[in-house]
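Chain by chain, the residues:
Number of protein chains: 4
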Amino acid sequence: TRQTEETSGDRELHVKTTLRELIIYCVFLIILCVVTFGMTSTTMYYYTKVMSDLFLETPAGDNPSFKEITNVNDFWEFAKGPLLDGLYWETWYNNKTVSDDQLGYIYYENKLLGVPRIRQLKVHSNSCVVHDDFKSVIRECFDSYLESLEDKSSFGLENGTAWNYQTQDQLDGSSHWGLLATYSGAGFVQDLTRKRSESEALIGDLFDNLWITRGTRALFIDFTVYNANINLFCVVRLVVEFPATGGAISSSVFRTVKLIRYVSVTDYFIMACECIFVLFIIYYMIEESLEIKKHKFSYFKSFWNILDILVILIAILCFAFHIYRTLEVTNKLQGLLKQPDKYADFERLSYWQTQFDNAIAIAVFFAWIKIFKYISFNKTMTQLSSTLGRCAKDLAGFAVMFFIIFLAFTQLGYLLFGTQVHDFSNFQNSFFTLFRIILGDFDFHQLEEANRVLGPIFFMLFVFFVFFVLINMFLAIINDTYSEVKGDMANTKNEFEMADYFRKGYEK
Amino acid sequence: TRQTEETSGDRELHVKTTLRELIIYCVFLIILCVVTFGMTSTTMYYYTKVMSDLFLETPAGDNPSFKEITNVNDFWEFAKGPLLDGLYWETWYNNKTVSDDQLGYIYYENKLLGVPRIRQLKVHSNSCVVHDDFKSVIRECFDSYLESLEDKSSFGLENGTAWNYQTQDQLDGSSHWGLLATYSGAGFVQDLTRKRSESEALIGDLFDNLWITRGTRALFIDFTVYNANINLFCVVRLVVEFPATGGAISSSVFRTVKLIRYVSVTDYFIMACECIFVLFIIYYMIEESLEIKKHKFSYFKSFWNILDILVILIAILCFAFHIYRTLEVTNKLQGLLKQPDKYADFERLSYWQTQFDNAIAIAVFFAWIKIFKYISFNKTMTQLSSTLGRCAKDLAGFAVMFFIIFLAFTQLGYLLFGTQVHDFSNFQNSFFTLFRIILGDFDFHQLEEANRVLGPIFFMLFVFFVFFVLINMFLAIINDTYSEVKGDMANTKNEFEMADYFRKGYEK
Amino acid sequence: TRQTEETSGDRELHVKTTLRELIIYCVFLIILCVVTFGMTSTTMYYYTKVMSDLFLETPAGDNPSFKEITNVNDFWEFAKGPLLDGLYWETWYNNKTVSDDQLGYIYYENKLLGVPRIRQLKVHSNSCVVHDDFKSVIRECFDSYLESLEDKSSFGLENGTAWNYQTQDQLDGSSHWGLLATYSGAGFVQDLTRKRSESEALIGDLFDNLWITRGTRALFIDFTVYNANINLFCVVRLVVEFPATGGAISSSVFRTVKLIRYVSVTDYFIMACECIFVLFIIYYMIEESLEIKKHKFSYFKSFWNILDILVILIAILCFAFHIYRTLEVTNKLQGLLKQPDKYADFERLSYWQTQFDNAIAIAVFFAWIKIFKYISFNKTMTQLSSTLGRCAKDLAGFAVMFFIIFLAFTQLGYLLFGTQVHDFSNFQNSFFTLFRIILGDFDFHQLEEANRVLGPIFFMLFVFFVFFVLINMFLAIINDTYSEVKGDMANTKNEFEMADYFRKGYEK
Amino acid sequence: TRQTEETSGDRELHVKTTLRELIIYCVFLIILCVVTFGMTSTTMYYYTKVMSDLFLETPAGDNPSFKEITNVNDFWEFAKGPLLDGLYWETWYNNKTVSDDQLGYIYYENKLLGVPRIRQLKVHSNSCVVHDDFKSVIRECFDSYLESLEDKSSFGLENGTAWNYQTQDQLDGSSHWGLLATYSGAGFVQDLTRKRSESEALIGDLFDNLWITRGTRALFIDFTVYNANINLFCVVRLVVEFPATGGAISSSVFRTVKLIRYVSVTDYFIMACECIFVLFIIYYMIEESLEIKKHKFSYFKSFWNILDILVILIAILCFAFHIYRTLEVTNKLQGLLKQPDKYADFERLSYWQTQFDNAIAIAVFFAWIKIFKYISFNKTMTQLSSTLGRCAKDLAGFAVMFFIIFLAFTQLGYLLFGTQVHDFSNFQNSFFTLFRIILGDFDFHQLEEANRVLGPIFFMLFVFFVFFVLINMFLAIINDTYSEVKGDMANTKNEFEMADYFRKGYEK
Ligand SMILES: [Ca+2]
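Chains as they are written, first to last, in the working numbering: chain A, 1 to 508; chain B, 1 to 508; chain C, 1 to 508; chain D, 1 to 508.
Pulled out of the complex, with its shape left as it was, chain A reads as follows (with noise of 0.2 Å):
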């Protein structure tokens, strides 16, 4: 939006501008608004919950639900129990059959696209070097996941693609981020098929093949429904990772998304908002690249020009994304409707909505932000922005300070309690944990527990430090600024305010 510094010669034309400006911006804000709400709705976090109570909560049985995985045996155990009944739902409540048509409705209403996917990943025998003391005892080892150790000889019975290894181009998998490493699209996979006693086989005969070995590092298993009543997708990936340590920790990911936009009238609607959007921001692309021209380097040391041009960079790429969504999705329901007991890859294009979907919360979150730039017609509001902008250097000087004692503590606490305690188990979460106990959210007894000497006085020692005196420090050096402010906008005269603008437009 256009600098304002230009019409600072005659005041009043300035806020005639500045109040026109200001009437497009908040044109412009309910739109993205009304796109961004479009986008979303309740309904989706309640499909996310009812899918992922589902197949995360429930039980097997007196075993442990997928949540609670320590070992194979659960992870097997659960295959063959919550897993199953999950994906097939072959009778209703009442025991009669469900007819044909409704076959392959999860809850009877969430229609599994294709069939799922088993795959696993694993590291060969000699990935890692045993010291010469244990050379004669121990003969294999198997190191935790790289991508540079996997095992890629066939195995078990070696037939099928459940015992051959296959590459990530074959698969036309993606890798992924888990909690203790991340994983290549490769592996050796599994795919069920749409009738329960059949996928009850195939599991079956894994299980007693030792399909899952000491070398097995993690394990997927990947599907897609889709809700007609609601139009919404929902990608599920259950995860079970499985140390070198031994044991087993479960992850999942359920992505729910709206990957078929225009159905029914709201969405025309909400296409109809797009459309001005769109307007919108090929007029702020013009006004922008007219004001660079103008201004050259001056131009990017205003923040509000930074924030316009983020706005409009986010805007084009999701722009672009919405196009080629559209086309991918059109092309992978054809193909899916053509073989419907092929695995339906949905992974990665409902990770791309996702990040499209953050990339929107973010630009309107900006967007709100840059409501500031025109709120200067206020003394109040200036005496409150003022502060802010005068105390930002001594903020700056005690935040170098501050974030040296906190990472002292951070990395003391990590190495400290790191072996004992899941909160500082590495440094990201000393570092939250630390955070936390500022905010008075933290667990005393784990850190007593971990050590009875250190814990209580790493802890009192911090407490002290960081929350007594330096966050008191914090609100010294805000609430000084303040006063000093205040004192000064008490002596200047008012400037020219908007509030005077509709004053003396009234007096006329």
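Since the hints were made in silico from the structure, they are not lab data.
From a predicted model like this one, the values you see are computed outputs, not experimental measurements.
Each hint can be trusted.
Identical copies go unnamed one by one, so any copy, or any two together, can satisfy a pair.
List of simulated lysine-lysine pairs, PhoX-like, C-alpha gap at most 25 Å:
no. : residue 1 : residue 2
1   : LYS373    : LYS16
2   : LYS135    : LYS258
3   : LYS135    : LYS342
4   : LYS80     : LYS96
5   : LYS370    : LYS393
6   : LYS135    : LYS195
7   : LYS373    : LYS393
8   : LYS332    : LYS135
9   : LYS135    : LYS111
10  : LYS338    : LYS135
11  : LYS393    : LYS486
12  : LYS342    : LYS80
Please build the complex by placing chains B, C and D with the ligand on the supplied structure of chain A, with the hints as guidance.
For chains B, C and D with the ligand alone, coordinates are given in the frame of chain A:
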């Protein structure tokens, strides 16, 4: 109450008048408190707890309790087990049969009024549009509940009320504000009977013939119990909502109300107080209307006058409802005693009784706040209230700034985490969640799980800007203003105060 | 202790006197601490925990444990299972029978003194008024418990103490302050025996003949155990209250007390300290009485003198109780050893012992606070205490304002949410809950569930007014006063201080 | 590092020297961080977690898991079930027997070094005095554990190590700091074997012959596992303590340590860094000793010098341990590989390794703090640190006052609630609990349950005095001092700063 400015000429008279007004007001307040505390008692909480524990927390064998219902199957297990166990107490704990006199009492104490009713609402099978690509595969589509989409056609056995639709008027029902939608009072109803075995058979019939279909969107179980020991009604509604995503979400309403007011001796004492209260209200009504006549518009400029009007209005409304309630209850009970096998609908009556209780509660709160009008007899007090008054403008300016940032964060949180985290699943939740973070009540791990990168960033940014910067600025404003006010007060002479009045009287 | 003003003429003498007083006082404090820490030990907590875990937390098969009892049935399951299992340990863990010598020990370590007693209290069937409309249907009415409503007529089998009422005097009982009411010490009692099989039969009889009736309002299980290893008694009372609403509410009292004081060597050391303590008290008594004679009324104007009097009074009371306890215990134990099959009532003794412990604890607290009288030897200290002193008036004015608003909110919370939420179920709970909100400990979802509209509004309003506005004003008052005091102190000369005294002594 | 005052004559030289020192110091710090982060890894936490989940959380059928053991019976159920299941993995998940090569691995990955050992400690039957009144009834008395009270006589079958006492020297054990006492390394031991069936028989024998007697006070299960994949040892100790009150309290120690340091390539890189680190330490040692020679006593007056000395001392100690550890481990492992059926005692080694890790962690923390020595190049920074410096005296005075009140409350809390509430069960717990209340982490209901009258009063008083009054005064002190310092700084000229140095260099 009288405008106090009139007497400002003569300060002594002013104090005298204020004192008289204060004493009258205190009497009024005491009467009001007696009335409200007479209306309620701790027993009411225990009654709610006992009833809700019985129906919500009792698990159905290995199946979850009503509170944890997640699908249709869970509901049927509840209906066949804990529901019937809770409603019918036909044997003593040592398995001896209860005498006929004692039949129909929950926990042997709480009389079941009439019979319980089960009601469901459905949407029809073409209530939404299926995307063209899927039309060949997906033939039926059941939208989320909207009154206009209700399925009114008979189904299943097609005989009896359970299989035939009745309108809200036919059922004399009222709408219900559920978690997912607002439901009408219409639907398919099945009244149970006063015998366990018969009710069991009725529910069995519904189960066998698939009463709950894919179109079912909500299911209500309604009944009312009356405990003569403590003279309280408990109106129970158990709701199971079936979202369009599949699965089920349960909720419940337990309204413990005192519909019959005057039974014991204490009750008659309360009645006397209520009469005095009515006299007071009449007195204040006359006074205020005189004042309005005198001061016209300027009357409404005083905060205290608005408060007076509000209290009087609420009192009048409550009085009107009080009379209506007494008539209605007598009417209902007589009908009920004649036909003990019919469903007794106390739903609407209890709803309005609750609103009545709330209205009284708010009136008392206003009445308490009005005390501040009279408490200006002390310098410290004036100091505090003028601090509040003087920083009001600054605080308002600050509040605008605060809320823009806060709403921007609310929207960002909703868009980023809404599909994953319950606390951000809609705009209000997101708002309250961020508010709770300020108070130190949050679940960081949830955010981290929803998005491992943006979650922590969002959290840190929010805490930094809102918690550290803005809240501290808030404090700076109050702190600074207080110093100012105290400085000003130190210089001004004490005005003639109530304390002086007493001293003067003493010196005479 | 001596009035310090007397010596204000000669400052050096003043310091000397103060110093001597301080040293004497420290010796007194050390003796007092030794005595109190000698009275208690960490073992007492473990004893309470072990006993309460055994009786409260052990589940009765699939039925809930004592803590979670919600109805009559649960109680009987507890009485037949965990209660008997907890009381009678007649076999070792490998199922060999315990020798006769070892019988009657809980956990093989804790001697059961006498036999356990089960007692119940009932109200009679016409204890309340039934409304006219219901009179034809509801014939019996059992009010909430009041001593005057007790049912004293025999019932059931009508033989034995279990079915015949005994008064409080006959039972030598005392009243009990329960959750719902205060119960008398009268009732229908059933003493168990020292053999498991006999006790089981007795409980079976009660169960078969419906001992717990609709009129039963409370049920007590009493017994006392003694652990010779650690020389501690644990007096156990398990209470089940049956509210008039139906259902049941359990509570319990575990009083771990050291009724026999002097057994081991350490005990005799404590005894010596106690003697010195008594001498101290006599010394202070004489001193204070002399001062009272001298200063008359003005003596009672000093805060420190009041503290002295309080400490002395508590000490005298405790000493008196100490002697009574020793006599009473010896008496009881001898009776008990003669008749091991009778119920041993340590209820009242343990109650007073607990009160004795608490009184001592409070006396020690006062004694600690008195140290401040002597700590004025430092400028900073004076600065802090005079800040507190000077802002006391402002704080008091503020407190009045604060409490009116706080109480208004308390009442509002109680009336709005009292029937639904435990935290607001009575006035005190409501008060404490709001207090806890200020400290950041609250359950927002509970409020939201109780009332989806008023809950959040109430919460936001409360937090805004009380947490943000009032608490911050609190801070402003202290902050401002501190600046003032510091400014004043900077101008005044240092008075002659204790530090000077030492310096002077050093210079000589 | 060099005393900086020397160069204060020539400011430019001073800055130059400081800069050079800073750069060297940063290199040192980076090396130190690399070394410490090389020592630890997130895998260590997962290893601890996997092992502790397996042994602590697995329930024994319907009986509780190790963590929830409350009596002797629970322990035996654990020993016969989860313990054996956890130690011996003799079949694959599909029930095929594991090959001989693969035997002796927990989770098929973690080699069990040697055999597990079970050890118990007893006290003799006359370890305490029974009161005269009870002497006729109570014949045996088992005191709480003290080393001097240990029962050294044989018992039960009287054959084998399980029934015969061995001293700490015979067992080569070390003492253990438990929850209730510090236990010696002596006792009755039973080594298990490498076969499940044999171990089961051994435990069965102990169970049948009542190995755990009334005198048993503690029981230890020790074993060590080694994971070659990640080159980590996990030294496990499960402890069950039997207090003199009866019942049982379980605790555990899992020490995950890297006893073999140099195996993989990364390890050798760390080794190189360690060598550089040693060189650094030698350099600093020489420098500091030169300085000590020069400045003598005055050297120890500087805070930074003390820090230097501390870091160097810790480094030397760690280096010495590093060499000892390497030798000891090699030694142990060779012994172990020769005799795989003997118990392998890594207890003491792992304890010192943990201390070594902690020492390093603290050294790094000190090293980080030292950065502040060099960060005086900025006015804001100086402002903050001089605020801290100047209010130190006031804060110290305040701290004395604060701690007297705080300790008085701590003692009051301990004496009032110590027998009922775990959080107040001893002085330290009481202290930490009150500290946590300040941070908003407390359990009000617990206090209320312990004492319905004094609990809430204590809580409110504490919060009012400590939270509101004292903490706010704390803030007032910092706030006031900051204003002062800022005022002073504004008047003084900027000294020559590092920033000027850079500017100057740029201008040349
Ligand atoms: Ca908190």
